[in-house]
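4 protein chains.
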Amino acid sequence: MTYRIRDLGDLKARVRAFVEERDWDQFHSPKNLAMALAVESAELVEIFQWLTEAESAVLDGKRRARAEAELADILIYLVRIADRLDVDLLAAASGKLEDNARKYPADRVRGLARKYDEYD
Amino acid sequence: MTYRIRDLGDLKARVRAFVEERDWDQFHSPKNLAMALAVESAELVEIFQWLTEAESAVLDGKRRARAEAELADILIYLVRIADRLDVDLLAAASGKLEDNARKYPADRVRGLARKYDEYD
Amino acid sequence: MTYRIRDLGDLKARVRAFVEERDWDQFHSPKNLAMALAVESAELVEIFQWLTEAESAVLDGKRRARAEAELADILIYLVRIADRLDVDLLAAASGKLEDNARKYPADRVRGLARKYDEYD
Amino acid sequence: MTYRIRDLGDLKARVRAFVEERDWDQFHSPKNLAMALAVESAELVEIFQWLTEAESAVLDGKRRARAEAELADILIYLVRIADRLDVDLLAAASGKLEDNARKYPADRVRGLARKYDEYD
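Taken in sequence, the protein lines are chains L, W, G and P.
Counting from 1 along the first sequence, just add 3 to a position and that's the residue number in our numbering.
Counting from 1 along the second sequence, just add 3 to a position and that's the residue number in our numbering.
Counting from 1 along the third sequence, just add 3 to a position and that's the residue number in our numbering.
Counting from 1 along the fourth sequence, just add 3 to a position and that's the residue number in our numbering.
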């Protein structure tokens with residue numbers, strides 16, 4: 004029977020339980036968790052490395068399933084490392100979106116993908 | 004005044020709005036988004052590359068703030084690429100944790116960090 | 004006056020000297036060096052993340068200079084970690100190209116970019 | 004019979020031949036090659052993610068062989084992307100080491116691993 008995880012707080016608790024049952028916390032220094040998260044993000048990149056951008060937007064069933072698995076892995080490690088560093092992910096994302104809105108005002112950057120200090 | 008993002012669905016909507024205001028969707032092929040997510044995860048790794056595991060668990064204020072910013076960036080891109088690929092992140096994570104529980108039964112792997120096919 | 008590095012053996016010696024002068028070997032565990040190399044490879048990815056494949060093949064002077072700097076950083080860390088792990092890079096590459104020639108026989112894979120176990 | 008690759012120029016020629024025999028150049032935009040290199044560097048990181056720094060310095064035969072294979076893959080993609088971008092790797096590395104010597108004068112940074120703008 005599948006238990007459906009309701010929100011990020013629920014996921015955090017489930018990941019903690021998973022790690023504790025296996026006595027794996029000893030391996031979960033933030034340093035190690037950052038490495039693990041980077042490894043999963045590269046596994047996501049690997050799915051797309053030889054595809055064109057257009058092909059990447061219409062994945063076949065097999066590739067979509069692989070992508071879904073990697074996105075899950077990334078989220079799990081992200082929640083785990085946020086837990087270890089005592090970071091509130093949604094609050095951090097709120098703040099970052101506000102910073103980005105200031106750095107990239109819509110009227111200046113519309114349609115252009117340069118980094119913020121490359122604009123006239 | 005800060006708008007506090009309530010949950011992943013809310014974050015997805017906020018990121019969509021941010022992208023649409025700037026007409027940046029044209030750059031957001033899953034291929035490109037996977038690259039961007041990998042870049043942010045490496046920026047997180049960079050914080051820890053010369054620290055010991057022990058040091059990584061007691062970050063000073065400046066490093067903790069950097070880590071928080073990178074975790075936010077990773078979450079934002081993760082939500083964006085899940086949106087583009089029509090992946091339900093929490094459902095995917097639920098499934099993955101169940102798969103991992105099967106691959107790594109607690110009684111077999113307790114205290115050991117090897118990959119599942121390296122166990123006796 | 005610029006000293007021009009002649010070959011990989013020369014580069015290895017120069018990097019060793021650089022590290023020793025600064026007493027930085029203490030930070031150069033293979034674990035840390037692998038992280039540093041991954042960080043540099045992501046800085047290379049970052050140059051291309053919003054560019055199309057076609058744009059990536061005709062970089063302007065500024066981007067080309069950035070790419071050159073990141074390729075240099077990657078090579079420096081690659082040589083350093085090979086030194087720490089006592090790996091002969093050119094011998095390893097020779098062996099890998101031979102393995103790849105066996106896994107991907109030209110008559111079977113010509114023009115197709117799938118991974119070797121995805122071919123009929 | 005093993006052909007031993009003599010130097011980076013020889014490796015560049017061998018990789019070109021390998022790619023041309025398979026008509027794979029069409030997939031080798033610098034954008035794609037940067038992604039592939041990042042994927043290989045993450046496969047190297049994966050070997051070390053749960054090891055301590057001390058353990059990473061004394062790899063068993065199996066892990067050392069995996070590391071050697073990943074270092075080979077990284078070098079192959081590095082040489083390939085340098086070829087595509089017309090970058091002289093050894094010249095670039097020479098220049099970078101000189102820049103780094105200026106940014107990190109030995110008498111100021113000996114024994115300390117901070118980034119250059121973090122020093123007093």
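If you are wondering where the hints come from, they were derived from the structure by calculation, not from laboratory data.
Since we're looking at a predicted model, the values are computed, not measured.
Some hints could be false.
Pairs involving identical chains hold if they fit within one copy or between any two copies, as the list cannot separate such chains.
[Stated by the list, open to error] Cut-off 30 angstroms, straight-line C-alpha distance, at most; resulting in silico cross-link-like pairs (BS3-like, lysine-lysine):
{"id": "1", "residue 1": "K65", "residue 2": "K15"}
{"id": "2", "residue 1": "K65", "residue 2": "K99"}
{"id": "3", "residue 1": "K65", "residue 2": "K106"}
{"id": "4", "residue 1": "K15", "residue 2": "K99"}
Hint check:
1. K65 / K15: Answer is both; intra-copy 28 angstroms and inter-copy 25 angstroms each pass.
2. K65 / K99: Intra 34 angstroms, inter 16 angstroms, cutoff 30 angstroms: inter-copy only.
3. K65 / K106: Close across copies (21 angstroms), not inside one copy (38 angstroms); limit 30 angstroms.
4. K15 / K99: Both. Shortest intra-copy (21 angstroms) and inter-copy (14 angstroms) distances satisfy the 30 angstroms Cα cut-off.
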